[in-house]
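Chains as they are written, first to last, in the working numbering: chain V, 1 to 303; chain Z, 1 to 303.
Rather than coming from a laboratory, the hints here were simulated on the basis of the structure.
Among the hints, erroneous ones may be present.
Given that identical chains are not distinguished, each listed pair holds provided it fits within a single copy or across any two copies.
[Claimed, not checked] Cross-link-like lysine-lysine pairs, in silico, DSS-like; alpha carbons within 27 Å at most:
| hint | residue 1 | residue 2 |
| --- | --- | --- |
| 1 | Lys-231 | Lys-266 |
| 2 | Lys-52 | Lys-264 |
| 3 | Lys-231 | Lys-110 |
| 4 | Lys-174 | Lys-240 |
| 5 | Lys-266 | Lys-240 |
| 6 | Lys-240 | Lys-275 |
| 7 | Lys-264 | Lys-240 |
| 8 | Lys-52 | Lys-240 |
| 9 | Lys-302 | Lys-231 |
| 10 | Lys-275 | Lys-110 |
| 11 | Lys-52 | Lys-174 |
| 12 | Lys-264 | Lys-302 |
| 13 | Lys-275 | Lys-302 |
| 14 | Lys-121 | Lys-41 |
| 15 | Lys-302 | Lys-121 |
Note that the coordinates shown come from a computational prediction; the quantities given were computed from them, not determined experimentally.
Protein chains: 2
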Amino acid sequence: MASLDSLIEQAAALENRPVVAVASAADSHVLGAVKMALERKLAAFRLFGEAKEIRTLLASVDSHLLDHPSIEIVDATDQRQAAQLAVQTVSSGEADVLMKGNLPTATILKEVLNRDYGLRKETILSHVAAFEVPGYEPLLFVTDAAMNIAPDLMEKAQIVRNAVQAAHACGIEKPIVAPLAAVETVNPAMQPTLDAAALVAMNHRGQISGCFIDGPLALDNAVSQEAAEHKGIAGETAGKADILIVPTIEAGNILYKSLMYFAKAKVGAVIQGAKAPVVLTSRSDHMESKLYSLALAILVSKN
Amino acid sequence: MASLDSLIEQAAALENRPVVAVASAADSHVLGAVKMALERKLAAFRLFGEAKEIRTLLASVDSHLLDHPSIEIVDATDQRQAAQLAVQTVSSGEADVLMKGNLPTATILKEVLNRDYGLRKETILSHVAAFEVPGYEPLLFVTDAAMNIAPDLMEKAQIVRNAVQAAHACGIEKPIVAPLAAVETVNPAMQPTLDAAALVAMNHRGQISGCFIDGPLALDNAVSQEAAEHKGIAGETAGKADILIVPTIEAGNILYKSLMYFAKAKVGAVIQGAKAPVVLTSRSDHMESKLYSLALAILVSKN
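Chain V extracted, bound-state conformation (with noise of 0.2 Å):
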């Protein structure tokens, strides 16, 4: 079975070591991350926010952290200040990946997308969650749980190409992409339905390349094979779906809590669509998955 620990052994085995800039990283869970980030040998790392508190809680963390050589401190005043700090420097190439601290989302996404020094492209920025759920052979991407409300056609197609990037950087040549439904047939009363067919008509026409889509699907004949062929779904991808594009941003949320709550799995996520990826991890979040996330991070910044 594909497993998220693999992402990690993947981004330690890089040649050149990625740089992952935290905004706002006067935070033990942040630091903590950092620590074990670094006896991962994931990444070297660029703390921005006030030197004096992030120093006394790597002292606490870890006193050997105070002047580990892959630790950088820039200070900085503020939330604000330390978020475009740490975008600045990832717009400058000198580091990979950002990575949210402790400040508040909005905050740090303002200076993601700043016209000037940001890291914005032609792109919508989308959240990308890869899962390792017991019983499912491949990581199970699933997009957009977390950033898009409602999006539009236009803007799934651009979901789907984001997923696709970040399935590519773990070595998924082809991704299977199922954009979901509540049923497998076209139905002009369900826009999901609506969408899935005109995404599987892109990618025929190369308007989104690098994968395979089918759809529209229900869960159950993207991820069973079993299921797929009771309703008479053939073809070498039906129930292997690698990418599930839900409809809402409820379908997803409510997916990805199912996943995480009653099936026991595991994830990483990273945010999509700028000029290098972002993590947002949450306090409540895992350790585990804190480093998961990382991991997907930095192979999408090598990629």
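Given the coordinates of chain V, work out where chain Z should sit on it, guided by the hints.
Only chain Z this time, still in chain V's reference frame:
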């Protein structure tokens, strides 16, 4: 842990044996379910359809069924007539539960909704699924994952009432209802959060009674006390939902399939909102699931 098997026991323990009217019963899967229900002494059956074909199939399932005292066969020339006669039998009070046999869902629902002899009430029909989820203590009702595509507030209120009736029938005196969203705060850009807040107010004002509604909630806050506490959501009901109200059919269908395929849950389901409960199992459902659905419908019919 609450179990679906206990619903079968409760249904089998009822004093007056209920009658189930099966529309278009000439199907070996349906008759297999009838056989199992008879073995559990759940109900008596009135089978509508081509009598000769039903007898042939009954004999192939189990020849003892041909003269079983709790089976009555009523001849019908086609699916539509079978549906019509079965619905009328329930309408007249001679049967307590309507069960779909070998015919399209649309055909039987058309008869259910017939204004002259159907089972229509003032409320909408909605699908209520009862899950037994490994690791989760209560039975978990999910609605509406199958019938209403994108219900508005007043439809959601009816969907809640329909599910609360089902929970009461299963012995849950005051079910905890969680209207799900992607977040647990009210956000005008996310309609499900506004509808959730309105459902809570309707509960406070007595417009929806017999339950305790708390929302908006993300799924984790609804089913995990730890997650709820982490978000500062206090109270005796936090993290202990009995009934999950999903915002759209897609969110519901994805949750339903995720529970089945990834969390290895068991399920029974019933259509609520008509004058009698309707069982719409399909060929792909496990036999066990058909029995759970029948037990649930029988309990609802006697409540």
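Against the structure, the hints:
1. Lys-231 / Lys-266: between (30 Å within a copy, 21 Å between copies)
2. Lys-52 / Lys-264: Neither, since 39 Å and 50 Å both go past 27 Å.
3. Lys-231 / Lys-110: Answer is between: at 24 Å across copies they meet the 27 Å cutoff, but 45 Å inside does not.
4. Lys-174 / Lys-240: Within one copy only: 12 Å inside, 41 Å across.
5. Lys-266 / Lys-240: both (19 Å within a copy, 23 Å between copies)
6. Lys-240 / Lys-275: So Lys-240 and Lys-275 fail the 27 Å test inside a copy (30 Å) and across (42 Å) alike.
7. Lys-264 / Lys-240: both (20 Å within a copy, 18 Å between copies)
8. Lys-52 / Lys-240: Answer is neither; intra-copy 51 Å and inter-copy 43 Å both fail.
9. Lys-302 / Lys-231: neither (40 Å within a copy, 35 Å between copies)
10. Lys-275 / Lys-110: Only inside one copy: Lys-275 and Lys-110 sit 14 Å apart there, 54 Å across copies, limit 27 Å.
11. Lys-52 / Lys-174: Neither: 47 Å inside a chain and 54 Å across chains, both beyond 27 Å.
12. Lys-264 / Lys-302: Neither: 30 Å inside a chain and 37 Å across chains, both beyond 27 Å.
13. Lys-275 / Lys-302: Result: close within a single copy only, 12 Å intra versus 62 Å inter.
14. Lys-121 / Lys-41: Close neither inside one copy (30 Å) nor across copies (66 Å); limit 27 Å.
15. Lys-302 / Lys-121: Classified as within; 17 Å inside a copy, 61 Å across copies.
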